[in-house]
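Just so you know, the sequences run in chain order A and B. Letter by letter, the first sequence follows residues 1 to 305 in the numbering used here. Letter by letter, the second sequence follows residues 306 to 610 in the numbering used here.
Just so you know, the hints here were simulated from the structure itself, not pulled from any lab data. Only a predicted model underlies this, so the values are computations on that prediction, with no experimental measurement involved. Do not take every clue at face value.
Below, computed lysine to any residue pairings styled on SDA-like, alpha-carbon distance capped at 20 Å [stated by the list, open to error]:
#, chain 1, residue 1, chain 2, residue 2
1, B, Lys-312, A, Leu-146
2, B, Lys-461, A, Gln-268
3, A, Lys-250, B, Leu-572
4, A, Lys-41, B, Asp-432
5, B, Lys-308, A, Met-137
6, A, Lys-250, B, Asn-571
Examples of chain A residues lying across from chain B (beta carbon under 8 Å, computed) [what the hints assert, rightly or not]:
#, residue
7, Met-140
8, Asp-144
9, Ser-148
10, Val-149
11, Pro-150
12, Ile-153
13, Met-230
14, Ile-247
15, Ala-260
16, Val-266
17, Gln-268
18, Leu-286
19, Leu-290
Simulated DEER-style distance windows between Cβ atoms [to be verified]:
#, chain 1, residue 1, chain 2, residue 2, range
20, B, Trp-431, A, Gly-163, 45 to 51 Å
21, B, Asp-396, A, Trp-30, 56 to 62 Å
22, B, Ala-468, A, Phe-59, 36 to 42 Å
23, B, Lys-369, A, Arg-141, 27 to 33 Å
Where is the CB? At the ideal position from N, CA and C, for every residue including glycine.
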Amino acid sequence: MVEVTRDLFEHIGVDEGSQDAISRPSITYWQDAWRRLKLNKVAMIGLVLLSIFSCMAIFGPYMTEFTYNANNLDYTNQLPSKSHWFGTDGLGRDLWARVWMGARVSLFIGLAAAVIETCIGVIIGGLSGYLGGKIDMVIMRFIDILISVPDLIFIILIMVIVGAGILPIIIAFALTGWLRMARLVRGQVLQMKEQEFVLAAKTLGAGTMRLVFRHLIPNTLGVIIVTLTMAVPGAIFYEAFLSFIGIGIKPPLASWGQLASSGAKVLQVYPFELIIPAIFISLTMLSLNLLGDGLRDALDPRLRK
Amino acid sequence: MIKYVIKRLFISIITVWLLATIVFFLIRILPGDPFSGDKITPQIKESMMKYYELDKPLPVQYAKYMKNLLQGEMGYSLRYKNRTVNQVIADAFPKSADLGIRALLLAIPIGILLGIFSALHHNRLWDYLCMIIAVIGVSVPNFIIGGMLQYTLAVKLRIFPVAEWRGFEYTVLPSIALSLGTLALVARLMRASMLEITGQDYIITAEAKGLPMIKIIWKHLIRNAILPVVTVLGPIVAAVVTGTFVIEQIFAIPGLGRHYVLGIQNLDYTLVLGLTIFFGAFVVFMNFVVDIIYGLVDPRIRVAK
């Protein structure tokens, strides 16, 4: 038993200045969101898969000696083998090269369409919500009317008119996809524009444009990013759908939907030609959905404990 | 309530009119004409154009089309000899509706049950299993599910017929393929909504006053949790309608979706125009019905609008 005496203690006093110091570095909203996302294993698996597919979309076609559009009628409908890793299609084109070219096209369409429709939606929704009044009324009625008709019907019509190809698909998606985003952003802005920081910015003399684009929209970014992530699989699905019914991407250009479409025609004899692209479409959509769910949990402040 | 119904009805009618107008003019700026694929002399082509009144100025064509449309007449198909669009619809719609109703009858009850079941086993094995199935159902496009079902159960195992539409056993695979995406969506939504309500004060109250579990689940949980599912019924109907485009293609079902895709590929103006308006009007009408149902089950909606 050690005897505790007075001289074992040392008086260190109180440093008035250091009491209010914060011992850990403060982290921003985005750092915090990233930390939360990293803890979500399922979302991270999605992110890793997407990164792999994106890398392969860039480098995949160069990893084989065959090009995506070279026919070789001596080697048609080959099963996957040492030289043709995913086999060949009905015209002897190497499916490994085609799958990764298809990944380029499909992922590019998905991303480009989602980004464009998000931009349009954010601008229109943000302004509509902030300005309110008659302008808001007219824009919202217009959206109400357009939104009640299925997207695909409009997309198919636009595709029929503009013709097949990558750019027409992106245009068609952008023209139909912004409606939902605009509605969402408008709702968020409406909720937020009565809050004190907006009043403070107004008092300091911020104009409409500055208020909307510097204060209101950055504060809805979390919701916007989640919706964007969810819009990408939608666009990939629509591209696949259109190519499947024959008005999307046309061969020799490849996309996952186009590959699935050609594969479906010979399904009874050469099932691998559908199964391979089908796996990639499904895994990509799955990853994006999982990542979207993860992002929603990470970015939504209401879920914090 | 009557005011609410009239307002919804008015918006629906405007929507259908606007859709018909947009579609009419979009179709007319299509490159090429419906007879460009045929080998016919200019004289015959001219008289064909005259016969179908494609030589008149656009506003005249539009006025005539609208007048006929009001009387429910959509004109002759340009490709099917001597068949009106109305006859095509009358012939094909029952098959598509049959398929769609089967898919909905599978998707909605099973989806709701799965969602309830998951929520009641929150964060346990059953919950994870159900949600894995649901995420996969949302992620895998319906034409891939259709193709895979066709290959495994029909081509390989020969349990069901491969294609066509002749009796009950022919309907099983297409209905399942069409329903899975919707089923997964409903299950996810129902689960999320159940979990949100489980944390509400009135559930704790109900538990505290000693109500038996089964009564709490039936009277308080499910009744309140089912509301969000009612709101997505509109989009679900739209998804099933567009889903029939590919499912009917895969299983060679002579329904409306198949005629629509063929019409697009053949540039059959009147058929595409008629079917687009029909699909649009159908979905708008279903949305109208859903809005009314929603107004009936949730009084807050009809007061707020």
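Hints versus structure:
| no. | hint | result |
| --- | --- | --- |
| 1 | Lys-312/B x Leu-146/A | holds (17 Å) |
| 2 | Lys-461/B x Gln-268/A | holds (9 Å) |
| 3 | Lys-250/A x Leu-572/B | holds (17 Å) |
| 4 | Lys-41/A x Asp-432/B | holds (17 Å) |
| 5 | Lys-308/B x Met-137/A | holds (19 Å) |
| 6 | Lys-250/A x Asn-571/B | holds (16 Å) |
| 7 | Met-140 | violated (11 Å) |
| 8 | Asp-144 | holds (7 Å) |
| 9 | Ser-148 | holds (5 Å) |
| 10 | Val-149 | holds (5 Å) |
| 11 | Pro-150 | holds (4 Å) |
| 12 | Ile-153 | holds (6 Å) |
| 13 | Met-230 | violated (10 Å) |
| 14 | Ile-247 | holds (6 Å) |
| 15 | Ala-260 | holds (7 Å) |
| 16 | Val-266 | violated (11 Å) |
| 17 | Gln-268 | holds (5 Å) |
| 18 | Leu-286 | holds (4 Å) |
| 19 | Leu-290 | holds (7 Å) |
| 20 | Trp-431/B x Gly-163/A: 45 to 51 Å | holds (49 Å) |
| 21 | Asp-396/B x Trp-30/A: 56 to 62 Å | holds (57 Å) |
| 22 | Ala-468/B x Phe-59/A: 36 to 42 Å | holds (40 Å) |
| 23 | Lys-369/B x Arg-141/A: 27 to 33 Å | holds (29 Å) |
Hints 7, 13, 16, counting from the list given before, are not met by this structure.
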